[in-house]
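Participant: Residue numbers (the numbering used here), protein chains in the order written: chain A, 901 to 1301; chain B, 49 to 227.
No lab work stands behind these hints: they were computed from the structure. For glycine and all other residues, C-beta sits at the position ideal for the given N, C-alpha and C. Fair warning: there could be bad hints in the mix.
[Stated by the list, open to error] Result set (DSBU-like, lysine-lysine): computed pairs, CA atoms no more than 35 Å apart in a straight line: (1) K1003/A / K180/B; (2) K104/B / K88/B; (3) K209/B / K1206/A; (4) K1081/A / K88/B.
[Stated by the list, open to error] Take a look, some chain A residues computed to stay more than 10 Å from chain B by CB distance: (5) T919; (6) H945; (7) K960; (8) I999; (9) D1252.
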Amino acid sequence: MSQSLEKIAKESISGELTTLNLGPTHPATHGIFQNILKMDGEKIHSAEQTIGYIHRAFEKLAERRPFNQITPITDRLNYCSSPINNMGWHMTMEKLLRIELPKRVEYMRVIIMELARIADHLVCNAVIGVDTGALTGFTYMFQEREHIYDMFEEVCGARLTTNIGRIGGFERDFNPIFHQKLKKFLKEFPARFQEFADLLERNRIFMDRTNKCGPISAQRALDYGFTGPNLRAAGVDYDVRVMNPYSSYQDFDFTIPVGTNGDTYDRFMVRQQEILESLKIIEQACNNLPEGDYKADVPEFYLPPKDKVYHNMEALIYHFKIVMGETKVPVGEVYHCVEGGNGELGYYLISDGGRTPYRLHFRRPCFIYYQAYPEMIKGSLLSDAILTMSSMNVIAGELDA
Amino acid sequence: MQSLTNRSRVVSKKTMNFWERIYLPAIFGGMWITIKHFFKKKATLRYPEETREFSKVYRGLHVLKRDENGAERCTACGLCAVACPAEAITMVAAERKKDEKGLYREEKYAAIYEINMLRCIFCGLCEEACPKEAIFLTDRITPSNFERENFIYGKDKLVEKIDQRIDVSGRQKHITEKK
Ligand code: SF4
Ligand code: SF4
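Whole structure, please, built from the sequences with the hints as guidance.
Facilitator: Rendered as structure tokens:
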């Protein structure tokens, strides 16, 4: 034990530091994380984080799966916003295959991705409320999240693990029910969300609780490689949608909310405002949704229409080839990143021309945030550590992949 | 920190004004919001007595379809098993006998067809892969069970009953025959 440790130990009531296992299945941490804390009473002296409790070897799995079968794997990274993961993967493949998408597909993707972002931020901010003791807002916001899931269900048939879209477009066009639900959502959501904002944003109890809780400076955040809302909360206006526009994000007018010193309140506020920005984007995309097809014209990768498969020999052969992953893909290396629910989600793909990736690496933002966690909670109280964790939106599925 | 774009705006204001500092307005405002919610429509359902409406394309429990004459459509081509990312499908193919024409549509059929519902992730790729419009996901939910073995669904559970056809027209991308 070092000198200072001994000193603290002497000063503390019991005469020693307590070791506390926060996790892996602690009711206060959302997900399976373990943190071994050295506690001086209620104060955290040092922390050591462990990972891997729900590691499912996605990168290895992906090496043995044809490209279209990797989409369901990406569902399970950040499961609060699966559509963003799905589409990030489709775009990576499209980049490798050099597929040009119709404008309509890109706009449709933007709508779905922004809905997913809203759902993601709603969960995170509602949970920050829960961890500060405000459960009510959480129950209100989860009702709204269900409406978003209803819309996903109309497009792809599932709510959480969506497997939405295909390489080259969508599996089906948006149906009238979807449009109707989206209209209803755009009309009703802002008022409900305002209620939630009124409950927390300027509430003194909440502000006192979250201000200066788990801060990180812009410099340290950049050093670690933070992205997304957590970096923006520290005051750096880095957003992949603006810096490296994909899927026609350059067509939309929106601002980047930033915080000042990267504490929990900043992270909360940045997400709150991003939800409103996402709504703006969705409205723009809806109003300007171009006419056209819901898929690109890529017969080698997009399954032929079913009537052709049933009756036409050539289509049937294509169908078999695509399902079995027998189409030629170029040899090459691509990196594509999207602004995920909680940061820059990147796919680094090396293809050797085979039917599966030679190597696929997921750049998972949570993995990076989690490394900074001990530094951010050092010296704070245990309850602040819980709050810091939930406000960073670390999701175990994505952390461990 | 210099700005990377000219589109950023600072959104968090940490100083409180007088009304915020005395914190009572926020408390009463919050209570007012919660009280209003007492009189709202309930957001929950009393499952299983009540069920919610599923979308037409919901991805639930599979069905193996029969054609209009009641013959099984599946030809045991195995494409669904290849397409399955969870490796949940297994099958054994057999050849149709002369007197079995009414039972199976094609000359080859699946003698055994099993889906392990514990492995299945309901991704819907099997449905998309099937060239014979034989397998579809439906808006039914796989019931829970106490035994693992009971989650391996054989043809007895998957093939639709002749007198209880399951309508999948809402999710079919192309319908070749009349019901
Ligand atoms: S269900 Fe369809 S894909 Fe699967 S074996 Fe039968 S015919 Fe082939
Ligand atoms: S739904 Fe997906 S996981 Fe389930 S059997 Fe079909 S292909 Fe396999």
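Participant: For a quick check of understanding: which of the numbered hints are violated here, in increasing order?
Facilitator: none
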